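Protein chains in written order, with the numbering used here: chain A, -5 to 454; chain B, -5 to 454.
Incorrect hints may appear among the rest.
As the list makes no split between identical chains, a pair holds if one copy fits it or if it spans any two.
Derived lysine-lysine pairs resembling DSS-like cross-links, with alpha carbons at most 27 Å apart [unchecked claim]: (1) Lys59 / Lys390; (2) Lys413 / Lys69; (3) Lys188 / Lys168; (4) Lys168 / Lys180; (5) Lys59 / Lys413; (6) Lys328 / Lys230; (7) Lys413 / Lys52; (8) Lys41 / Lys413; (9) Lys286 / Lys328; (10) Lys25 / Lys413; (11) Lys230 / Lys193; (12) Lys188 / Lys230; (13) Lys25 / Lys0; (14) Lys283 / Lys328; (15) Lys260 / Lys291; (16) Lys(-4) / Lys269; (17) Lys286 / Lys41; (18) Lys168 / Lys193.
I should point out that these hints are in silico values taken from the structure, not numbers from a laboratory. Note that this is a predicted model, so its numbers are computed, not measured.
Each chain, written out:
2 protein chains.
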Amino acid sequence: MKLDVKELYQNINMYMNKEVILQGWIRNHRKQKDFGFIDFHDGTYFKSVQVVYDNKIKNFDDITKYHIGSSIMVKGKVIESPAKGQLFEIQAADIILEGDCPEDYPIQPKRHSREFLREQAYLRPRTNLFQAVFRVRSVAAMAIHEYFQSHGYVYVHTPLITTTDCEGSDQMFKVTTLDLNNLPIKEGSVDMSKDLFGKQAYITGTGQLHGEAFALAFKKIYTFGPTFRTENSNTKVHANEFWMIEPEIAFCDLEGLMNIEEEMLKSVVNYVLDKCESEIEFLDKFVEKGLKEKLTKLVNSDFVRISHHDVIDILKSAKVKWEFTPSYEDDIAKEHEKYITEYFNCPVFITNWPKDIKAWYMKLNDDGKTVAAVDLEVPGAGELMGGSEREADYDKLRSRMKEMNVQYEPVEWFCNLRKFGGCYHSGFGMGFERLLIYLTGVENIRDVIPFPRTPGNCEF
Amino acid sequence: MKLDVKELYQNINMYMNKEVILQGWIRNHRKQKDFGFIDFHDGTYFKSVQVVYDNKIKNFDDITKYHIGSSIMVKGKVIESPAKGQLFEIQAADIILEGDCPEDYPIQPKRHSREFLREQAYLRPRTNLFQAVFRVRSVAAMAIHEYFQSHGYVYVHTPLITTTDCEGSDQMFKVTTLDLNNLPIKEGSVDMSKDLFGKQAYITGTGQLHGEAFALAFKKIYTFGPTFRTENSNTKVHANEFWMIEPEIAFCDLEGLMNIEEEMLKSVVNYVLDKCESEIEFLDKFVEKGLKEKLTKLVNSDFVRISHHDVIDILKSAKVKWEFTPSYEDDIAKEHEKYITEYFNCPVFITNWPKDIKAWYMKLNDDGKTVAAVDLEVPGAGELMGGSEREADYDKLRSRMKEMNVQYEPVEWFCNLRKFGGCYHSGFGMGFERLLIYLTGVENIRDVIPFPRTPGNCEF
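Given these sequences and hints, build the entire structure.
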C-alpha cells in the first residue's frame, strides 16, 4: 500500500507489522558490509523514517551505492525499532531507484549557511530548516483563512494591477506591454494611450482602498495576496514582493479593531502551535531558543492598549540615553519599540498617533492633532500590524487630502464611499512575512519567502 | 446586543422576542402614513431583514425620509412576522441614521444591466447578484484551501515577479522602476542593468515551474494566486489579471492526477452547495435556470476518461457538419468540446494529446507523437483544468526545448530538478474565474472578478 510518511506517523498502530510502499528521497545513507540504513524523507512530514536493509535484499550491491538526494521507492514492513528515540523503522524488502542524484549535489547532510542556501533557492526546501519554515508558512496561511472565514468575513481578491493607490505611485512598479526600446512618442513624451490599458498602470502596494468598497457591502472582508514595493533597501526585513492580509470592517471603531487583531493573532499562533509541533520544536532548538515559550506566552497574555502620548511619557521618564529623543509629534524609533514591549513584557497596541506621520485616510480625532491609528508592537518582532479607523467624513477626508497633496481624481470613487451610505469603519494590514519571522524565529525575510525578490535579486 | 444578520438567521430561536441591535444599510423603504417598512441588509447574509416602525417611534418623520442606500443602526425586538414567507421581522424601537445617501444613488432597488454595474464596480457588490457572486467566490476559495490542506498539500506562494517563465515572455507584462520618459541608454538600447533587479523582469503567467521545485521537496503542493496575461482580446472569458490554482504532485502519474482533479472538483462544488444555499438558489432562479441541478449532477457523476485519438474518432463518425474538421494532429475546437461533453453527458478527461500543440515540459509518450497531457472538459463550461505528467527525463526535456525553441538559460535550475533526485510527477492548472463562471452561471469573466482588468479597462 502506497502511503505518505505523515499518514504512517499519524496512524502507526494501524501499520505496525504491515507491508507498506513509500516514495521519497534519501536524506542520508550509512552502509556497512552486510546491511545499510537510509534516512528516508518524503516531504509530507517533518520527521524522516529509518529504512533498514541487509544483504538478503536483491541488488544489495546496487542499493549500497544509491546517493544522497536520490528518489526511491521502498517496499517493506513496518517494525518496532530497536534504535533509541524512534518508534518504528522499515525493514526493506525492495528498494527501487527512481531518480539518481550526482555526488556533487549541493544539499548534503550537514549544516549549510543561509547565504549558500539562498543561492540554491530551488533546492533549499529539501533541508530541515526550510521544510519547517515553508510548512509553517502554509499552515499559517490556512490559519488566517480559517479565522476570517469562520468569523463571517468575505475573502476579496483586490486587483494587483491598478491605476489608483494610496501609498503613492513613486513606490510602485510600473507595468507595461510597450517595447521599451521602441516606445511610442507623442508631443515629446511616451504615449501611454498605446499601452494595453490606455494609461500608465502599476502593481499595487495595498488592497485597502478596494477592500473598503467591499466592507461597505459585506460588512467584514479580508484580503490576502501579494503586494509590491519598489524600495531600494537591502535590510533583513525588506523585500520588493511580499504577502499582506488586509481586513476591513464596517461599523467597527478602534477598540473593536484591536479586539479583532488580538483575537486573530492568538488564533493563528494557536493553530500553528497545534499543527506544526515538530516544526516548532526544531525551530526552537536550532533557530530561536525559547520560541515555543514565546508563542505560548503570547497566546495567554492580555495585550496592553496605550496612547502614543502616554508611550512618549514613559520613554521620556525612562532612565535611558536615547539615540532618538522621544517626541509627542514624532514616530517612535526601533529602540523605543523595544523598550516599550519590554516595559510591558507583552504585545502593546499604541493608539492615537500624531496625524502628520500617518496616512491621509485615517480618522482625524477631535483634538485635531492625532488620528485614530493603532500599531501593534510585539516583543521581539516590532510592529506586526498597523491599522486605523478610516476617515468616514467626506469633507474632512477631502481637506486632509488637500493638506497632504493627495491627487483626487484617481480616488474619486473611494471618496464617494463616504457619500453613499458611509459609516464608521476600520481596518488593518499585517505583513505575512513579518508574522512568519515572528512564528519561526528566522530573522531574514529572504528565508521565509520561497523565491525572494530584493534589489538586484530576481533569480529563479 | 449588536449582532450580524447571519447570526440572527442561524440562531433565530435564541433571539426571538429579544432586543437586538443591527447595523447595515437600507435596501428599500416603503412608507405609509403611520408606519414604514425597511428592507434592511448588512452584507453578512444573503437574505435581508424586514424592519417595521410606526409613529410611536421618536423622530418618526425624520425616519420616513431616510433614503435607500443609507447606513443605519436599528434597535428593536425580534418578533414573528405576520408577512408570508418570512419567519421574523424587527419591531424597531429606535432607528439612527449613520450615513446618508443622496437620491441620485446609482444602485436603486431595480434590475440594473450588468454593463451599467461594471461602471459602478465599487458599488455593485451591494446588489443581490454580486452579493451572491462574490460570496461564492470567497467560499469557493476557502473550499480549495480546505481540500488541499486537509489532504496534506503545502500551499506555496510562488513569485509574481520573475525572470523565468514557461509561457513565453511575449505574453507577460514587463515591470520596471525606470522612468519611461527618461530611460538610461547604453550602446543604443535601454540599459536594463539600471532597473531595480538589474535586468528585465516580468509579472508571471504561471507558478508551475517554481511549484515543481517545491513538489520535489514536499511531495504535494499547490499554489493559489494572481496570474497575468497581456492578451489583447475582448471576449467573455479573457481578463488580463485572474487567479489560478496550480497543484503539483511528486510520484503521481496521469491516472493519479485525474483522480485528484475529480475528487478536488467534487469537493469544492459540494462545499459551495453546502455553504451558499441562498446564493445558489438566487443564481438558479435569476441567472442560470437549473444551476443547482447541474452542480448536484456533477458531484454524483463519474467523469469519463478518453484519449484525444478516441475523441477524434467519435467526432469524425458524428453526423455533424463541423466548422473545423476534427484531426488527430490538432487541437479540438469549441464545437467539438461541446459535442463531446453532451455525447457523454458528464465531465470528460481527454488525455494524450498531439505533442505539437502542447507545452514543452509535458511528458513525451512512448509513441513519440503524443504527450501525457489531460484537459478536463465540463458540460457548459468547456475546459476547466489542464494538466500533464511532466517530462522527468533530463535529456528528453532538453531535446524538446531545442525543438520548440525554449531558451535554456532562464530555466536551467528547472531542468536541474531532473538531475537531483527527480521523479515522475504531475500537475494541473485551474483558472479560478472559469470555475466561478461554472459555479455561478454568470457568463462574463468581468462579473466574477471584483475589479476586472481587460484591455483598455483599468478603472478603480
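Against the structure, the hints come out as follows:
| no. | hint | result |
| --- | --- | --- |
| 1 | Lys59 / Lys390 | between (75 Å within a copy, 25 Å between copies) |
| 2 | Lys413 / Lys69 | between (68 Å within a copy, 24 Å between copies) |
| 3 | Lys188 / Lys168 | both (15 Å within a copy, 15 Å between copies) |
| 4 | Lys168 / Lys180 | both (19 Å within a copy, 21 Å between copies) |
| 5 | Lys59 / Lys413 | between (74 Å within a copy, 17 Å between copies) |
| 6 | Lys328 / Lys230 | within (14 Å within a copy, 51 Å between copies) |
| 7 | Lys413 / Lys52 | between (79 Å within a copy, 25 Å between copies) |
| 8 | Lys41 / Lys413 | between (57 Å within a copy, 25 Å between copies) |
| 9 | Lys286 / Lys328 | within (24 Å within a copy, 56 Å between copies) |
| 10 | Lys25 / Lys413 | between (75 Å within a copy, 23 Å between copies) |
| 11 | Lys230 / Lys193 | between (35 Å within a copy, 22 Å between copies) |
| 12 | Lys188 / Lys230 | between (39 Å within a copy, 23 Å between copies) |
| 13 | Lys25 / Lys0 | within (26 Å within a copy, 63 Å between copies) |
| 14 | Lys283 / Lys328 | within (22 Å within a copy, 60 Å between copies) |
| 15 | Lys260 / Lys291 | within (10 Å within a copy, 41 Å between copies) |
| 16 | Lys(-4) / Lys269 | within (24 Å within a copy, 34 Å between copies) |
| 17 | Lys286 / Lys41 | within (18 Å within a copy, 44 Å between copies) |
| 18 | Lys168 / Lys193 | both (11 Å within a copy, 15 Å between copies) |
Figure legend: structure checked against the earlier numbered hints; every hint is met.
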